[in-house]
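Here is how the chains run, residue by residue.
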Amino acid sequence: MTDVALPAAPGVAPDDAPPPRPDFQIVPLRGLPVVGVVLAALVVAIAANELWPLEFFHVAAGGLWTAFDLFLGFVLGPIMGRLAIPARVELTTRLMPKLLLIMPTLVTCTLASGWQLGRIMGTVNAGHADHGWIVASYVVVGVMAVIALAVLEPANVAVLFELKKRRPDPRIIERLMKRFIYTAGITGAMQVATLVIMTKVAAG
Amino acid sequence: MSERRLPPVTELGVASMALIVAGGISIAAKLPGEVPLGLPVALLAASAALMVANLVALSRVPGFNWPAFFAVARWALLAYCVIAAILEFVFVNDGTRGGVLVVLTLSLLVYAVHVPLLIGFTVARYQPIE
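Chains as they are written, first to last, in my numbering: chain X, -2 to 201; chain E, 10 to 139.
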């Protein structure tokens, strides 16, 4: 992805001027090596099939995933919806590129290590006492995955491409940001269910 | 903002992904025992059919910005192929074999193709043709 630097308009911009926005990369290339290292470590943890590394990946990544979704859905999302357009643009161009790398990495780490962990501990087995709760977690994660992959992430990427234009269309940004804010709220609510299920399974 | 009529690509994508997820859950809920594959195969077939319908419908849109679509979708495809490969590795590493592995692999294939399609479409629909 190329960088496009547009100078911020000093003072009050004319009505037909595009809103000032910072320079940004749609995919922050500096973060890719970090993602590569994390995913490589995940593969090693799965291949080693040891309890501690799998537990680490599942708890750490899952906790971060839940925290991000709750924070975005119930704290930052409503705030973004009320920000002035220039502030919203500024926040979006700084936040969303990072989320493009962070969220898929956290989700992949959580699910892959979680499945392997479930195989070791037997919680994914159909005969396990908490199997009903585990299946419920599949459903919750499934709903979140469909919303995040089919609706939220495409909107996230599209709004960044729109902001890269010389003259971004505020109506398109508004439409895409609404999608982002509403779906972030839904996934945030689903994460509450995840917390209930996972603490129940952990407690036995 | 473009007000032209476009096929319901996102809606079909949501439906396709939901079918894939439902098929995956129906398999995962019965492991490690014998898994009846009738329902997962039917859900996979329906999901794949929706993906093909999406591709066909999109290919018939006049004036669609294909360069923008492919510029985005190819990188998304690479990213989601990596994710799908890690998930496939988990299944193989766990000793999943036979029909279950085939269904899960094809499900991951649909996932790895459909998500980039949705991302590319959502970006390209708002990009003017140069």
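What the hints contain is simulated information worked out from the structure, not anything from laboratory work. Treat each hint with caution, since some may be false.
[Unchecked claim] Derived lysine to any residue pairs resembling SDA-like cross-links, with alpha carbons at most 20 Å apart:
1) K39(E) - V136(X)
2) K39(E) - R91(X)
3) K162(X) - R91(X)
4) K175(X) - M93(X)
5) K95(X) - F71(X)
6) K39(E) - I117(X)
7) K162(X) - A93(E)
We went through each hint and held it up to the structure:
no.	hint	result
1	K39(E) - V136(X)	holds, 14 Å
2	K39(E) - R91(X)	violated, 43 Å
3	K162(X) - R91(X)	holds, 16 Å
4	K175(X) - M93(X)	holds, 14 Å
5	K95(X) - F71(X)	holds, 19 Å
6	K39(E) - I117(X)	holds, 16 Å
7	K162(X) - A93(E)	violated, 32 Å
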